[in-house]
Structures are given as C-alpha cells and as structure tokens.
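Trainee: What follows is each chain in one-letter form.
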Amino acid sequence: MSGTTSTTRRSVLKGGLGLAGAVAMPAYLRAQGAPIKVGVLQPLTGALAFDGAQGKLGAEAAIKIINDRGGIKSLGGAKIEIISGDARSTPEGGVAEVERMASEGAVAVLGGFASPICLAATQAAARYDMAYIVDVGVSDQITKRGLKNTFRFAPGFGMVTQQALDNLVKVNDAAGKAAKTVVLVHEDGLFGSGLAKLMQAELPKRGFEILDTIPHPSPARDMTNIALQIRSKNPDLVIPSSYYGEFVLLSRTMQQQKIKPKGIYSVLNGAASNFRFVKEFPEAAENVMDCNHWYDPRKEAAVALRKAVEASGKFFTYNTMLNYSIALLLADAIERAASGDRAKIIAALESSTFADHIMPYGPTKFVEGQNTGAAAVNTQVQGGDIKVIFPDSFANAKPVFPVPA
Amino acid sequence: MNGRRTEAVRSYGLILAVAACASLAPLFVGSNVALNAMITALIIALAAQGWNVLGGFGGQFSFGHAAFFGAGAYAVALLQTKFAINPWLAFAMAIAFAGLVGLAIGYLSFRSGLRGSYFALVTLAFAEVFRIVANASPFTGGAAGTLIPLRISPANFQFSDRAVFFDLLLAAIVASLCITQWLKLSRFGAYLIAVRENENAAQALGVDVLDVKLKAITLSAAMTGAAGAFYAQYFLFIDASIAFGPWISVEALLAPIIGGLGTVFGPLFGAVILHFLGEIAKSIGGRIPGLDLALYGALLILVIAFARNGLMGMISARSARTTGRGAA
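Top line first, the protein sequences correspond to chains P and V.
Mind the numbering: the first sequence is residues 1 to 405 in the numbering used here, read in order.
Mind the numbering: the second sequence is residues 406 to 733 in the numbering used here, read in order.
Hints were generated in silico from the structure; no laboratory data involved.
One should not assume that every hint holds.
As the list claims (entries may be wrong) - Result set (DSS-like, lysine-lysine): computed pairs, CA atoms no more than 30 angstroms apart in a straight line:
| # | chain 1 | residue 1 | chain 2 | residue 2 |
| --- | --- | --- | --- | --- |
| 1 | P | K144 | V | K487 |
| 2 | V | K487 | P | K197 |
| 3 | P | K37 | P | K314 |
| 4 | P | K314 | V | K687 |
| 5 | P | K79 | V | K487 |
| 6 | P | K279 | P | K170 |
| 7 | P | K148 | V | K487 |
| 8 | P | K279 | P | K73 |
Claimed, not checked - In silico negatives: residues of chain V with every beta carbon more than 10 angstroms from chain P:
| # | residue |
| --- | --- |
| 9 | G418 |
| 10 | L419 |
| 11 | F488 |
| 12 | Y523 |
| 13 | A595 |
| 14 | L615 |
| 15 | L698 |
As the list claims (entries may be wrong) - Covered stretches of chain P, going by a simulated chain V footprint (3 or more residues, C-beta under 8 angstroms):
| # | stretch |
| --- | --- |
| 16 | 117-126 |
| 17 | 141-154 |
| 18 | 192-201 |
| 19 | 224-231 |
Keep in mind the model is a prediction, meaning the values are calculated, not measured.
Glycine included, every Cβ here is placed at the ideal spot set by N, Cα and C.
If we strip away everything but chain P, and leave its shape as in the complex, we get:
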C-alpha cells in the first residue's frame, strides 16, 4: 500500500465486505450441485500407516460408487469430494488435519482409526459442529463424552468384549469344556491393557483359570520370550490382544517352537482376521479364532467390494469394510438432510436408520452417538480362508476347537 493507487477507503471497505460475505457464505449456497467436501482422516504415515491406507481405500471406494451413481440427488446430483488428511499416527496430527478440513469447507469427517486420534479429532471437529463418524476407535470414552457431533458406527470396546466372552463360553461348552486354563498376552497400550483387565475379571467367573498375563510393548521386535513363557505354563487357550506385527511374530514363534495350545482365541486382534496374515503365513494362521469387526457375507455389495479390493492386489481388512460403510452412511445422511449444512447433517445422522451398508448390523440407530445395532463377529481361519463361526444366522463354518494336534 504505497498510497499512490486510486484506491479509496470506501472501495476497500466495499471489497472487504464482499470478500467477507463470500467467505462467510457456506459452500453449499454458492452453486446448486457444487461438490460436497468430506474429510477422510487416516494415519497414512507412522506406526499405523498400513491400517490408515486400508481405511482410506474403503472410504474412497464408497465415495466413488456414490459419485458414479449420480452423487447426492437431493442436492441436484452434487458430487462428493474427498479432503484427504494424514493424522501421522498422533492425536495432534489428527487435530491439525481436522482444522484444515474445516477451513477447506468439509461438511463432515470420517475415520481416525486409533482411539487417541479419534478422541482428539472428534473434539476438534466439535468446535465447528462438524459431524465426525469414527471408523474403528473402540475406546468407550469416544462416545461417552456427550459430544453431539460424534458418531460411532461400529461396536465399542464394551460391546465387543461382552460378545467375545459369551461366544468363547459357547465354543468351549460345545467342545465339552475342553479349555480350562488360559494365558493372556496383550499389548500394553489402550486396547490391549483394557482387554486384559476385563478378561482377568470376567474369565474366572466363567470357569477359566488364568495362569499368566503377559504384557508386551508395541512395536516389539521379538516374541521368543513370550512364546517360551507360554510353553512353560502350557495353557489350554491363549488369548492374545495385539496389533498386526506383534501377533504375526508371536504366532510364527509359537509355530517354530511347536507350542500348540488347544486354541488361540483373540479379541479385536490386528492380524487374526486379516487376509494378509492368512496369505503370508498360512500355517501359523490356521485355526486362529478372533472376535472382530467383519462384513456380512450375505450382502452382495460386500462380496463385490471384496472382489474389487482383492482384484486390485490389496487385502480386504475390517478398516476397509468399516470405512466403506461409514462413507455410505454419511452420504445417506447428506441425502436426507438435502443440505451441506453441518448442523443439518448431524441431525440427519442422529435420526439415521441406514441399512444399506456391508456390516452385519441391521439399520443404524444412534443412542448418544453409538450405533446400538452394531455387533462384532467371530471368525476362524480355516483352510486358508477367514470363515464366520458366530453368529449362527450367517455363519459359514463350524468352529474347529479344540484344534487337532
């Protein structure tokens, strides 16, 4: 501003007002059918990069399908545009990306993966009244804080573990109570420690004796010690709760050391229901049971997605399934809200009864942000494939337990 231009104070004010108006005006008013921006937040770098990429894959696949089908019809066929964010596997990374998404006009955010990222990122989104649908993060704190913008489509920790315990008793009873003793192996972070604590309280009530509880850090590079401890205790059942790398290491070490309990029953395990593990280490993976998020094999869209993902040379993991589903859930809410207004989308999600997803849940029903219809599935690796053993309504295999020596 040198003062030599012919700019008057009045024209500057006018221009400024116009600019302020343009900025303040929500994106959806600018043009009918203008793209609706949706944030897809995943840890694309750092320790959780594999999971993040798998999650992003699912959200992208769903949004591509929505756009190919003509976008959001109630908004004149508006396309959904992804704002991709890398949470760098840290909560503050997630917050920074949510801030960016809000400033770039996102109407809602999907994903997060790890509970600490979800906890921080949902709060950041709450400042902008921006709906946030959590994909995986199982910590029960996520939905119990009274944040109106936060929704979790998948079951939380409490729901999954309850189901895991019930089904464990069923499997064991069906085998004539073959397992009496248990060793717990868990990673020492949020989910592993929480799970171990719960198991320590609940298993003895259900007639199991816990011989030992062995924590390990993530990442861990060697599981030989833990495998040897398991051997010395010689339990009927090993219950591991670890992320992908550590469980793969443990199961391979157990295989090498010829440690063969009657069963491995994991809960929310990073590897036990992961096709990558099954494909790369088929012998170690065989007969491992898991209670985890899983797709509904009766649904055509689910089978089609699995084929498409596998055809592209990727693995079909629960991150992909869940993110695919929540992207569809959000699109449905935007469709019903008939608006890109953040508050209206939150209202539409609150009243959502969306059933066109690929999980075995039925229509969504959110109570305080948690989808109460959500449920986990028990799977077992059988013959190099991941089979559903519970619930009975769509199980495609019977549990193999105890594992034949």
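Please build the complex by placing chain V on the supplied structure of chain P, with the hints as guidance.
Mentor: Same frame as chain P, but now just chain V:
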C-alpha cells in the same frame, strides 16, 4: 556495570519487540489451521526453552525432558478430573509439581555424580519409567489416558477462539525468554556457565556445583512442565506415550540445538523454524504420504551442515563479520 545495564535494556527490549510482532500474528492469519500450527510450535518452543536452561546454559544434556513435560501435563489433567480443582489453579500447581519432579530427579542423579552421557541415560530412563507407570496405573487412566472434558469457558481454561490460547502461550514464552535473559546476566547464570565449561574448575573456585545444578534442573523442569500443561489444556487428551514418550524429549533438545545452544532466542527460533520447515515440506510433499517427512529430514541435515552453532550462532557470526566485533 553501565554496559551491562544497556545490554540488559536492549535484550529485554528485543524480547518485547519479538513478542509484540508475534502477538499481532492472529490478526493476519485468520485461519485456525495456521493458528493451530503456531500453537503447536510454541508449545514445543516452551519445552525447548526449559531444556535450554539445563542443557544450553548448564551443559547437562537431558534425553528425558519428557518426564517433566508429562508431569506437567498429567498434573493439570488429573487435578481437574480427579480433584475438581479449578484449571487455572491446577495449571499453576502443575508447573510447581514439574519443578519438584525436576528437583527430585536432579537430586538423585547429580548427587551420585552422574555427568555427560550417564546423566543423559539416567534422564532417559526416568522418562521411560514414568511412561510405563502412567501406562499401567489406574490413577492416570492407564493406557486409556486422561481426558479433560470439553467445556469451553474462560473459567475452564478453554477458549472458543484459538487466538486467546495463542496469546496466553505467547505470554508464557515471553516470561521464559525474560527468565533466560535474566539467567544470562545473573550471578547464578555465570555459575551455571562455569559448571558447563569446567565443572572441576568451578568447584575449585568455590561454586556449589550441586546447588547450582539443582536450581537449574528445577527451573528447567518447571518451564518444560508448563509446556506439558499447555499441551494437555489445548488438546484435552493425554496418554502415557504422548506425555512421557520420547518424541517430546527429542523435540525439546532438537529445537535449541538447531536454534543455538545457550542463547536466549535459540530454542524459540529453532522450534518455529523446524515447524515452519515441516509445514513447507508438507505443502511440497502434498499428496504422497511420507514424502514431506523425507523432505523434512533432508532440510534438517542441510541446516545442521551449514549452521553448526545453530541459527543464532550463524546470525551472530555474520554480525561479527560485518561489524568487526567478536560475537556477543
């Protein structure tokens, strides 16, 4: 004496001028994205200011400032959530608590005569022990961490406008700069530098080495603890690996080393420039995840290769060349 006074006036004036410029930043950057990035950088800068007191002036290289950062963060969070103490009061108590943790760790390690790499290792070990304890103890929320409820109100130390938080943080930075400046010119600071240069000689000249080191680590821990308390109050969630994880120990020592060890502005400049480089790398790296981190690493190597005494060292060397005087 007169020369010292004019130097002091000039230095404090410079601190105020830098602060005044920085406080105007929220007026120019309307976006919360930039504000959020600046707040993160300033939290690191404050932690680094703390590290610089002990490492830069005292020559005691700590690899475990996470212990103090985490002590401040957990104290502010737990005092609010478990004891329903007002967040502002909790904040002040957290700083004092972090100072006490510093004093305790200092007493245990300095009294045993741990120096150099042994001191570095023992601080690293303390931070790790704290991490494991916080991760296991139900009192700290175990591995689930501690969540401060989102209740936006100035009385709760939570603000709807991020600029307010930025200004508060800036005020803390100014206070830390003033303390460092005072340290540089005070008798205590002279003792501390003497200990850094030659501990045995300082002792022979009558400096109470243990006392000086203990004061330094307490001050250093309190500053870094304040950074931890700001972190907890800003993100409202901490867990053991955030509060006591090695990441913050590394950030706290990297910033002063890049910026200039034992200088007043070094840690601040180091933290801001590191963060700025990170953001630039992010915008260049764009859509390929991870590329920005590789670029950041490359930039870091270049900075270290061309500015061996840190950025402040480079600046003072240049001014010495132009004015023909020795570096201040």
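Trainee: Take the hints in turn and mark each one as holding or not.
Mentor: Each hint tested on the structure:
no. : hint            : in the structure
1   : P:K144 - V:K487 : holds, 17 angstroms
2   : V:K487 - P:K197 : holds, 21 angstroms
3   : P:K37 - P:K314  : holds, 26 angstroms
4   : P:K314 - V:K687 : holds, 27 angstroms
5   : P:K79 - V:K487  : violated, 47 angstroms
6   : P:K279 - P:K170 : holds, 28 angstroms
7   : P:K148 - V:K487 : holds, 24 angstroms
8   : P:K279 - P:K73  : violated, 41 angstroms
9   : G418            : holds, 28 angstroms
10  : L419            : holds, 27 angstroms
11  : F488            : holds, 19 angstroms
12  : Y523            : holds, 25 angstroms
13  : A595            : holds, 38 angstroms
14  : L615            : holds, 35 angstroms
15  : L698            : violated, 6 angstroms
16  : 117-126         : holds (count 4)
17  : 141-154         : holds (count 3)
18  : 192-201         : holds (count 4)
19  : 224-231         : violated (count 0)
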